[in-house]
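Can you make the complete structure from the sequences, with help from the hints?
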Amino acid sequence: MTLETTTVQPVVPPAAHEHAIAARSLRRTFKGGIEAVRDIDLTVASGEVFGFLGPNGAGKTTTVRMLCTLLPPTSGSATVAGLDVARDGAEIRRRIGVALQEIGLDPVQTGRELLELQCGLYGITGRRARERAAELLDLVGLTDAADRRTKTYSGGMKRRLDLASALVHAPTVLFLDEPTTGLDPASRLTMWDEVRKINAGGATVFLTTQYLEEADKLCDRLAIIDNGRIVAEDTPEQLKAEMGHDVVSIALDEADVGTTEAALTGLEGLERVVSEPSALALYVEDGAASIAEIVRRLDRGGITVGAISVARPTLDDVFLKATGRRLEGQQDQAQERTES
Amino acid sequence: MTEVLLLGRRAVREIARYPEATIPTLFIPLFFLVVNIGQVSKTFPSSTPFLKGQGYVAFQLPVSLMFAVATATSGLALVTEIDLGYFDKLLVAPIRRSSIIFGRLAADLVRGIATSTAVLLVGIALGARVQSGVPGALLIVVLSALFGVAYAGFGILVALRTRNVQATQSSFLLFFPLLFLTPNFVPFNRLSAVMETLARINPVSYVIVGLRSLVIDGWDAGKIGVCIGVIAAMGAILTMLSLRTIATYDR
Numbered sequence: 093m094t095l096e097t098t099t100v101q102p103v104v105p106p107a108a109h110e111h112a113i114a115a116r117s118l119r120r121t122f123k124g125g126i127e128a129v130r131d132i133d134l135t136v137a138s139g140e141v142f143g144f145l146g147p148n149g150a151g152k153t154t155t156v157r158m159l160c161t162l163l164p165p166t167s168g169s170a171t172v173a174g175l176d177v178a179r180d181g182a183e184i185r186r187r188i189g190v191a192l193q194e195i196g197l198d199p200v201q202t203g204r205e206l207l208e209l210q211c212g213l214y215g216i217t218g219r220r221a222r223e224r225a226a227e228l229l230d231l232v233g234l235t236d237a238a239d240r241r242t243k244t245y246s247g248g249m250k251r252r253l254d255l256a257s258a259l260v261h262a263p264t265v266l267f268l269d270e271p272t273t274g275l276d277p278a279s280r281l282t283m284w285d286e287v288r289k290i291n292a293g294g295a296t297v298f299l300t301t302q303y304l305e306e307a308d309k310l311c312d313r314l315a316i317i318d319n320g321r322i323v324a325e326d327t328p329e330q331l332k333a334e335m336g337h338d339v340v341s342i343a344l345d346e347a348d349v350g351t352t353e354a355a356l357t358g359l360e361g362l363e364r365v366v367s368e369p370s371a372l373a374l375y376v377e378d379g380a381a382s383i384a385e386i387v388r389r390l391d392r393g394g395i396t397v398g399a400i401s402v403a404r405p406t407l408d409d410v411f412l413k414a415t416g417r418r419l420e421g422q423q424d425q426a427q428e429r430t431e432s
Numbered sequence: 227m228t229e230v231l232l233l234g235r236r237a238v239r240e241i242a243r244y245p246e247a248t249i250p251t252l253f254i255p256l257f258f259l260v261v262n263i264g265q266v267s268k269t270f271p272s273s274t275p276f277l278k279g280q281g282y283v284a285f286q287l288p289v290s291l292m293f294a295v296a297t298a299t300s301g302l303a304l305v306t307e308i309d310l311g312y313f314d315k316l317l318v319a320p321i322r323r324s325s326i327i328f329g330r331l332a333a334d335l336v337r338g339i340a341t342s343t344a345v346l347l348v349g350i351a352l353g354a355r356v357q358s359g360v361p362g363a364l365l366i367v368v369l370s371a372l373f374g375v376a377y378a379g380f381g382i383l384v385a386l387r388t389r390n391v392q393a394t395q396s397s398f399l400l401f402f403p404l405l406f407l408t409p410n411f412v413p414f415n416r417l418s419a420v421m422e423t424l425a426r427i428n429p430v431s432y433v434i435v436g437l438r439s440l441v442i443d444g445w446d447a448g449k450i451g452v453c454i455g456v457i458a459a460m461g462a463i464l465t466m467l468s469l470r471t472i473a474t475y476d477r
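If you read the sequences in order, they're chains A and B. So for the first sequence, the working numbering puts the first residue at 93; every next one is plus one. So for the second sequence, the working numbering puts the first residue at 227; every next one is plus one.
Keep in mind that the hints were calculated from the coordinates and are not lab data. Just so you know, nobody snuck in bad clues.
If you want a taste of the chain A side facing chain B, the calculated C-beta under 7 Å gives, among others:
#1 Arg186
#2 Val190
#3 Gly212
Here are some chain A residues the structure puts well away from chain B; computed CB gaps all over 10 Å:
#4 Gly248
#5 Glu360
#6 Pro369
#7 Asp378
Idealized CB from N, CA, C, for every residue including glycine.
Right, here's the structure in full:
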């Protein structure tokens, strides 16, 4: 199924824009001088799934709210579907679909009523609205629950309905702000499938996430945002490739970071060392070949470590390299990888 | 206009599905009506000049009508939507922001008509006679409902400005001084000098006096005109402030 179905063509036909989204020096400062977004530049090509990866409070939602015309930028400029967010808010709103992090559902209405109302707000009424609502309920697998009030829905069902409500008018650009946060793994996979279907239907998807795997699996390109600044931007593959060849992770346990790092200085093929509170990540040309020398050096220095492992770089390593720390919520995952 | 109708229909559906939000707004004014009549009907028998041959219920009825229609329900519904994120969903839709307000007010009109009709019928059952007849009774219902719409603007304004449920809920408390600093128990000339001054500068007094005139006097163009004027002015000011606030919301 695609967005352009038999019942609804896009409310506004998509125009040919090289960039679905373009931002230049976009900044938002809140009261009290809090700089949520600091002069970011980004471009999202039409038809791509673009990921915006970052920890809580990095500036993802503020960026989305500015691009959706919900929040004016303090400075800088941005265009969505070729239109200026500061000047053409009304036109942009006709072309975009939005599912914000906070699920925007009216608990008093049924799923079907909510979608039919949403259709009405986009000028789709009567039989077309009923058909479009039924079609979207089917798309997100909620036909059986369509006539129940949304307050009885599970978290996953609410997310899917929220997504459906963002699609009623077949938007050109779809903003999904952490669409899988709080979902169980199965619901997350379902949501990924739905995002792929939507993108296959022609919509550009701008997706914020704090899940590395999600960014890796879903996105054609992504930007990493931290503390209001974009610190890396490229395809997931390219970002990982730029990391070097292998990552050797050393769980330090009781070992001292400085002493361990000093013992490994000058290691052959070592490109970079990133230290964390309880681990060291060594970026080396050939991980397997380096292990023996690493063990020898640690042994010579009388340093006892917990575990040593070799892996290909992940987006977590990209994040670590770009920010000097692991992505919030991914610490445990990183630790597990180190111990494996 | 379509947007207002769609959002109004949704708000009416909300009222119908949450009767527990409307029933107390009906129960309390009826309770006060019965209790007040019980307490003072011997003090003010039908021979009392200002009652013009009617029981005290006729004098109290407009106060209960005001009590029934003046609620913070719309403000509360709006602030809950802000809390839940549905408000953002509406803001990002290609609709005029004003339609969010007018949709709520349309539902207030429907609720006001329903509750004021119920209170009026109870008043009539308790012995009140509407001297202006059926057309007067219809006008009482319409004016009461419109007062409810006008007052709802205050709750909406507080909801938009504070984005806080407790603050919006508390905004209803403002109505108590507005309702009680009026000739609600006795006419202006029976109030103490201070109370009379306060009541005369309180616009709500003139709404009560206008509605009361339809019950007790019949058709008094002067009192009805002032009543309509106060409701219109109050509605215009509060709605305009709400519209201005929503237009600049997060902008």
